[in-house]
Structures are given as structure tokens and as C-alpha cells.
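Assembly of the complex is requested from the two constituent chains, each provided in isolation within its own frame, with the hints serving as guidance.
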Amino acid sequence: KNQVEQSPQSLIILEGKNCTLQCNYTVSPFSNLRWYKQDTGRGPVSLTIMTFSENTKSNGRYTATLDADTKQSSLHITASQLSDSASYICVVSALIRGGADGLTFGKGTHLIIQP
Amino acid sequence: NAGVTQTPKFRVLKTGQSMTLLCAQDMNHEYMYWYRQDPGMGLRLIHYSVGEGTTAKGEVPDGYNVSRLKKQNFLLGLESAAPSQTSVYFCASKSSGPKNIQYFGAGTRLSVL
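Listed in order, the protein sequences are those of chains A and B. Mind the numbering: the first sequence is residues 66 to 180 in the working numbering, read in order. Mind the numbering: the second sequence is residues -18 to 94 in the working numbering, read in order.
So that you can see chain B by itself, here it is in the shape it has in the complex (with noise of 0.2 angstroms):
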């Protein structure tokens, strides 16, 4: 997990707050990640970015939304928190070209209640 640190590590929300996850990576990669991963389910992508100042959505980016104002850090919100987005949360980076890994965070463990 060298290179990719995801703040905070832990966090529990009231239905209806809002908060920022943040994905800071010193790789100078161009591509980042945010995945959720859910008991009995393989991790599914929210949103990535292809570089600085783009995004685009995943496969379940309802009640998400990113930014991406600097290469290095990818910011994942959450405007009006639900119970069904209690989930680990997961940043990833990589470099440019198809062979090259994605580089994961140690995760971040949100509790909705």
C-alpha cells in the first residue's frame, strides 16, 4: 500500500451528514480509483479519474460525488450520508498503460447509522 494514504481511517455518520474522503498518492500516477467493498460482494468501482481536473463515474456512483483540482489527491464526498453506504472504502492509483497495477489505500471503514 506504499504511495497511497487514505484519511481517515475510520468514521461514523448520522443519516443525512455529510463528509470527504480523501486519497493522496505520491506516485505521480495519472489514474485514480475510489472502489466500496461490501461483505460478500467483490469491490465495485464509484467513480475514477483519468487525470487532473476530469472524472467519471463507475459502476455505483449514486450518492457520490469526486474531485480531482490536483493531480495528487482524489476527494470522494458523500452530500446527505445513508445507511446503505456503510461500507470499506478503497482509493487506488496507476500509471499510465494497460499492464501497469493499481496501487491501493489501506481503506477507510464508514459507518452510516
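So that you can see chain A by itself, here it is in the shape it has in the complex (with noise of 0.2 angstroms):
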């Protein structure tokens, strides 16, 4: 069965510092990984996306690490703002019936910025 794991559940840290999450999945046949935002009461919104022959891939502050060897991946977020506050999704895709994305979704971890 695909799998995504995701570490922490929830991190707490002040603002201006930086963090690391992390992402375990089993997922096959793999396509690609995807980090999202999701903002309380909002839809998940795509920060980066990677294929089996990328590594690493940035977005601004979001810098998203693949490690395909391993099946793991991290987004490590610099110099966090107040507004970085949301839940970060860790979703796989593993290419399913006519071309559509069968994306397994990771619990999240739920980062709280504090000032």
C-alpha cells in the first residue's frame, strides 16, 4: 500500500529561524513529489515538485530536497515569517488510468511561527 509519512506532527519555532520537515513515502510506480502549503481553512497550494531526476528544488525561502535512493525528501524553510504559519503537505504521485495523478497525501506537519 503507498505510504507517506511525515515528521514532525507540529514544530513550533520563532520567527527568523529556520526549519527542516521531513517525508518517508512507498509509493509505486513513482512520478514526482510535491510539497504544499495549506493555510487554515484553504486549499493546499503547490510550493515544489520534483521528478525522480531531481534532487533538490527551490521556491523562495521553500527549498525542497529528494533523496529517490532512499525514498525521502525535506523542505527546509529560511528565515521564517510570521505568515509561513500553515500545514505543509508532503504528496506523491504515482501515475495512475489515463494519465491522472494518483497522489497519496501525507498527514502533514502543522508549523506554528512565533514572533
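Don't take every hint at face value.
Unchecked claim - Heads up, simulated DSS-like pairs for lysine-lysine below, C-alpha to C-alpha not over 30 angstroms straight-line:
#: 1; chain 1: B; residue 1: K(-10); chain 2: B; residue 2: K52
#: 2; chain 1: B; residue 1: K38; chain 2: A; residue 2: K136
#: 3; chain 1: A; residue 1: K136; chain 2: A; residue 2: K66
#: 4; chain 1: B; residue 1: K38; chain 2: A; residue 2: K172
#: 5; chain 1: A; residue 1: K172; chain 2: B; residue 2: K(-5)
#: 6; chain 1: B; residue 1: K52; chain 2: B; residue 2: K38
#: 7; chain 1: B; residue 1: K38; chain 2: B; residue 2: K(-10)
#: 8; chain 1: A; residue 1: K122; chain 2: A; residue 2: K172
#: 9; chain 1: A; residue 1: K82; chain 2: B; residue 2: K(-10)
#: 10; chain 1: B; residue 1: K51; chain 2: B; residue 2: K38
#: 11; chain 1: B; residue 1: K38; chain 2: B; residue 2: K(-5)
#: 12; chain 1: A; residue 1: K82; chain 2: A; residue 2: K136
#: 13; chain 1: A; residue 1: K66; chain 2: A; residue 2: K122
#: 14; chain 1: A; residue 1: K66; chain 2: B; residue 2: K(-5)
#: 15; chain 1: B; residue 1: K(-10); chain 2: B; residue 2: K51
As the list claims (entries may be wrong) - Here's a subset of chain A near chain B, in silico, CB distances under 7 angstroms, partners left out:
#: 16; residue: P73
#: 17; residue: P94
#: 18; residue: F95
#: 19; residue: R107
#: 20; residue: I114
#: 21; residue: G171
#: 22; residue: K172
#: 23; residue: H175
These aren't lab readings, by the way, just hints derived from the structure by calculation. Quantities reported herein were computed from a predicted structural model and do not represent experimental measurements. For glycine and all other residues, C-beta sits at the position ideal for the given N, C-alpha and C.
Written out as C-alpha cells, the structure reads:
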């Protein structure tokens, strides 16, 4: 069964500090890995997407890494801001019938930035 | 969430009632999806569509039906709502290609009493 595990479940850091969120997955056949940000009461918004051959991808202060051999990914947030408070969801895609995504979602890491 | 609109935003139903959730996208996307999000769980796929007139079952399809009569709309129906269907429902759409991302709507919060 395809699974995505994220850690930590929740995290509190001070504004301006850095943090790293972890994602381990068992998804087959692997297509790509995405990180989404979900603000409270909103839908998820894509931050990064990486295929098998990509091992790092940046989007502003967000940097995602992928180790396809160990099936691990991380999301590093630099110089955190209050607006970074959200849930961060790791999502792994496997191609399914008709070319649609077969997405397996992690439960998310709930990040709180304190002033 | 630009481009994917869900209606309604909130709804309270009594057990046994029926309702339809509407998802509309204006990005000419081929693929559309319905998910549910429950506390302590990741989003789970209910049904999806790879194009107008086609639908397929996802991970948790029981108790739901869908229709894609027009490319821009994807409807999720509950024929006889149950308390276990209390959840937040998200619609998403994407264009063709394995690396194209899914764009999500803002969600519909449904409570079944």
C-alpha cells in the first residue's frame, strides 16, 4: 500500500529561524513528489514539484530535496516569517489510469511561527 | 486557489438528506478530482475525471456519485448523507502531463447530523 509519512507532526519555531520538515514515502510506480502549503481554512497550494532525476528544488525561502534511493524528502524553510504558519503536506504521485495523478498525501506538519 | 471555485462553502445536512457539491474551473483543465480531508488524515481521493463525460473511482468512493457533463464542472453528489461523511471536501484540477500540478479549491465544509 502506498504510504507517505511526515515528521514532525507539529513544530513551533521563532520568527526568523530556519526549520526542516521530513517526508518518507513508499509509492510505486513513483512519478514525482510535491510539497504543498495549506493555510487554515484554505485549499493546498503547490510549493515545489520534483521528479525522480531532480534532487533539489527551490521556491523563494523554501528548498525541497529528494533522495529517490532512500525515498526521503525534506522541505527547508529559511528565515521563517509569521505567514509561514500553516500545514505543509508532502504528496507523492504515481501515474494511474488515463494519465491522471494517483496522489498519496501525507498527514502534514503543522508549523507555527511565533513572533 | 485561483481558477477553481467550490460551492457551497459550508453546509449542514441531516442524516439521509441529499446534496450536490459543485466544482468549477476556468483553466480548461482536462483532469478534475474530488478529495475529502479529515482530522489526523491526509487528503483521500473520492472520484476523479480524466475528461468530459468520464469519471472513475478513487480510494474512498462509497456513498458518493459524480458527474462531468461539462469540461469545466465536476459535481459530487451525496444521495443519502451519513454522519461519517462529515468532512471538508476539496476539488482540484490540472492540465495533462505528469508534472503539471493540481490546483485546489478553497473547500466545502460539510456537517451531517
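Results for each hint:
no. : hint               : verdict
1   : B:K(-10) <-> B:K52 : holds (22 angstroms)
2   : B:K38 <-> A:K136   : holds (27 angstroms)
3   : A:K136 <-> A:K66   : holds (15 angstroms)
4   : B:K38 <-> A:K172   : holds (22 angstroms)
5   : A:K172 <-> B:K(-5) : holds (29 angstroms)
6   : B:K52 <-> B:K38    : holds (18 angstroms)
7   : B:K38 <-> B:K(-10) : holds (24 angstroms)
8   : A:K122 <-> A:K172  : holds (22 angstroms)
9   : A:K82 <-> B:K(-10) : violated (35 angstroms)
10  : B:K51 <-> B:K38    : holds (18 angstroms)
11  : B:K38 <-> B:K(-5)  : holds (25 angstroms)
12  : A:K82 <-> A:K136   : holds (27 angstroms)
13  : A:K66 <-> A:K122   : holds (27 angstroms)
14  : A:K66 <-> B:K(-5)  : violated (34 angstroms)
15  : B:K(-10) <-> B:K51 : holds (21 angstroms)
16  : P73                : violated (14 angstroms)
17  : P94                : violated (11 angstroms)
18  : F95                : violated (11 angstroms)
19  : R107               : holds (6 angstroms)
20  : I114               : holds (6 angstroms)
21  : G171               : holds (5 angstroms)
22  : K172               : holds (5 angstroms)
23  : H175               : violated (11 angstroms)
Hint compliance for this structure: hints 9, 14, 16, 17, 18 and 23 are broken, all remaining hints hold.
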